[in-house]
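Student: Chain by chain, the residues:
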Amino acid sequence: MEHIKELLYKMADDLLVLGHRNSEWTGLGPLLEEDIAFSSMAQDKIGHSQALFQILHELGEPEPDTNAFMREAKLFHNAQFLELQNDDYDFSTIRHFLFDHADQLRFDNLANSSFEPLAKVARKIKGELKYHVFHADIWLNKLGNGNEESHARMQTELNNAWNYALGMFEKGDYEQQLITENIFEGEVSLQSKWLAVITPIIEKANLKIPSEKDWEPVLGGRKGYHTEHLDQLVTEMGEVFRIEPGAEW
Amino acid sequence: MITEKLIWTALETVKDPEIPTLSMVDMGIITKVEVRGESNVYVEMTPTFTGCPAIKMMENMVAERLKEIGIETIEVKTTFDTPWNSNKLTERGLMCLKKHGLAPPPKHQGEITMELLEHSICPHCDSKNTEMKTPFGPTLCRSMHYCNDCLQAFEQFKPVV
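As you go down the protein sequences, you meet chains A and B in turn. Under my numbering, the first residue of the first sequence carries the number 1, and numbering increases by one thereafter. Under my numbering, the first residue of the second sequence carries the number 1, and numbering increases by one thereafter.
Hints may be right or wrong, so weigh each one.
Cut-off 25 Å, straight-line C-alpha distance, at most; resulting in silico cross-link-like pairs (BS3-like, lysine-lysine) [claimed, not checked]:
(1) B:K15 to B:K5
(2) B:K107 to A:K120
(3) B:K77 to B:K15
(4) B:K88 to A:K120
(5) B:K56 to A:K126
(6) A:K120 to A:K5
(7) A:K120 to B:K77
(8) A:K204 to B:K133
(9) B:K107 to A:K126
(10) A:K74 to A:K223
(11) B:K32 to A:K120
(12) A:K171 to A:K213
(13) A:K126 to A:K171
(14) A:K126 to B:K133
(15) A:K126 to B:K77
(16) B:K56 to A:K120
(17) B:K32 to A:K126
(18) A:K126 to A:K193
(19) B:K15 to B:K88
(20) A:K142 to B:K133
(21) A:K74 to A:K5
(22) B:K67 to B:K15
(23) B:K88 to A:K126
(24) B:K56 to B:K32
Hints listed in this document are in silico derivations from the structure and should not be mistaken for laboratory results. This structure is a prediction, so every number in the text was calculated from the model and none was measured.
Sequences and hints are given; from them, build the entire structure.
Tutor: Structure follows, in structure tokens:
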């Protein structure tokens with residue numbers, strides 16, 4: 001079961017950490033609608049992570065709240081991309097676009113997983129993600145084709161985000177076993193599908209993917225190596241829960 | 001004598017906590033009712049959205065209602081075995097949404113497209129001359145729209161596959 005746990009942990013942590021980052025836009029969005037959009041996506045992401053933590057719990061891991069809020073940063077398996085601070089709305093939007101397309105394709109694939117508990121959850125989640133992807137595509141296009149400033153800012157943040165985004169596809173120790181047992185298609189296959197989907201959307205937004213010779217995926221997140229931003233995030237995210245673990249709020 | 005039919009009828013009075021005109025049965029989130037013994041009932045539910053924060057509350061409301069009609073042993077469980085999608089709303093459910101001022105989700109053919117989301121029908125004046133303002137709204141299951149004819153903002157219960 002270690003291979004399935006590894007897969008579930010990295011996905012659950014990606015979603016929990018990005019969900020928390022999305023929630024940091026609550027009250028601060030550049031428009032009321034965007035405030036609501038990021039807050040809604042936060043709620044979805046955290047709900048999706050909870051469903052995965054629940055499967056982990058059924059496999060013998062701690063119950064979802066404890067698992068989410070009591071672990072130290074070095075025990076998180078999220079890609080570093082997701083723990084980076086929100087920065088401005090430009091970076092948040094680029095990250096949202098790059099992550100959500102990968103997330104959609106991942107759950108599309110897992111809907112056919114041979115591990116039925118995950119397949120069941122994936123069949124539900126993949127439909128909900130359509131809205132995240134629509135939202136990301138609309139704003140990428142709007143800002144990429146907006147005015148000079150919005151275009152320049154989106155291109156700068158796409159460049160900044162790119163190698164971190166490639167780090168989402170860092171392979172785990174059990175990659176081959178997951179593929180052989182038809183649990184998950186594997187990160188290499190996922191990454192190539194992702195590139196095929198996002199490339200035309202990026203082009204339509206008049207933006208450019210950094211040249212391939214500069215691609216250097218930021219790895220380590222899946223193995224517990226993180227930036228200082230995750231420490232800060234984990235401390236803040238679990239602050240209330242740790243006041244009295246097990247309390248009913 | 002407790003029958004499944006009697007349980008389904010009893011559950012018709014349990015309403016969505018946010019949409020008081022809509023029952024959980026018409027919403028399509030009660031996926032199974034089983035009478036397991038003389039006074040022993042099992043109910044299975046599924047959330048409209050995975051992250052729906054109301055699901056625990058709704059489980060409790062179902063259990064409370066069964067207690068009211070005298071059931072002694074009650075188990076209510078939420079699963080993804082029969083996942084919800086918006087086509088599961090009953091005809092009466094769609095009417096209830098409209099009565100509450102929400103545009104009902106259009107029937108989908110297994111796929112949600114931007115075309116399906118644009119031009120939803122205004123629940124106030126039935127015009128199709130509307131536009132989507134944002135695919136997100138005050139709860140996970142609603143999006144926000146504007147009617148160009150009656151000049152009113154409205155919400156739609158989102159179509160989901």
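Student: None of the hints should be skipped; say for each whether it holds.
Tutor: Here is what the structure says about each hint:
The straight-line distance between the Cα atoms of B:K15 and B:K5 is roughly 18 Å, inside the 25 Å bound, and the hint therefore holds. This hinted pair checks out: B:K107 and A:K120 have alpha carbons roughly 23 Å apart, not beyond 25 Å. Note on B:K77 and B:K15: the hinted pairing holds, with a Cα-Cα distance of about 18 Å set against a maximum of 25 Å. Distance check on the hinted pair: B:K88 and A:K120 sit about 17 Å apart at the alpha-carbon level, within 25 Å; holds.
A C-alpha spacing of about 22 Å is found between B:K56 and A:K126, which places the hinted pair at or below 25 Å, so the restraint holds. Taking the CA atoms of A:K120 and A:K5, the gap is about 16 Å. The hint holds against a cut of 25 Å. This hinted pair checks out: A:K120 and B:K77 have alpha carbons roughly 15 Å apart, not beyond 25 Å. Of the pairs offered as hints, the one joining A:K204 and B:K133 holds, with about 22 Å between alpha carbons and a cut-off of 25 Å not exceeded.
Between the alpha carbons of B:K107 and A:K126 the distance comes to roughly 18 Å, so the proposed pair stays at or under 25 Å and holds. In summary, the hint linking A:K74 to A:K223 is supported, as the alpha carbons are separated by about 8 Å, within the 25 Å threshold. Pair hint B:K32 plus A:K120 holds up; C-alpha atoms about 17 Å apart against a cutoff of 25 Å. Restraint check for A:K171 and A:K213: the C-alpha separation of about 21 Å stays at or below 25 Å, so the hint holds.
In summary, the hint linking A:K126 to A:K171 is supported, as the alpha carbons are separated by about 22 Å, within the 25 Å threshold. With a CA separation close to 23 Å, the supplied pair A:K126 and B:K133 stays within the 25 Å bound. Between A:K126 and B:K77, the direct Cα distance comes to roughly 22 Å. Compliance with the 25 Å bound is thereby established for this hinted pair. Among the hinted pairs, B:K56 with A:K120 is consistent with the structure: their alpha-carbon atoms are about 20 Å apart, no more than 25 Å.
With a CA separation close to 23 Å, the supplied pair B:K32 and A:K126 stays within the 25 Å bound. For the suggested pair A:K126 and A:K193, the alpha carbons sit about 16 Å apart, so the restraint of at most 25 Å is met. Annotation: proposed proximity of B:K15 to B:K88 holds, straight-line Cα distance about 16 Å (limit 25 Å). This hinted pair checks out: A:K142 and B:K133 have alpha carbons roughly 14 Å apart, not beyond 25 Å.
In summary, the hint linking A:K74 to A:K5 is supported, as the alpha carbons are separated by about 17 Å, within the 25 Å threshold. Between the alpha carbons of B:K67 and B:K15 the distance comes to roughly 16 Å, so the proposed pair stays at or under 25 Å and holds. Our distance criterion of 25 Å between C-alpha atoms is met by B:K88 and A:K126, whose separation comes to about 17 Å. Note on B:K56 and B:K32: the hinted pairing holds, with a Cα-Cα distance of about 17 Å set against a maximum of 25 Å.
Of the numbered hints stated above, none is contradicted by the structure.
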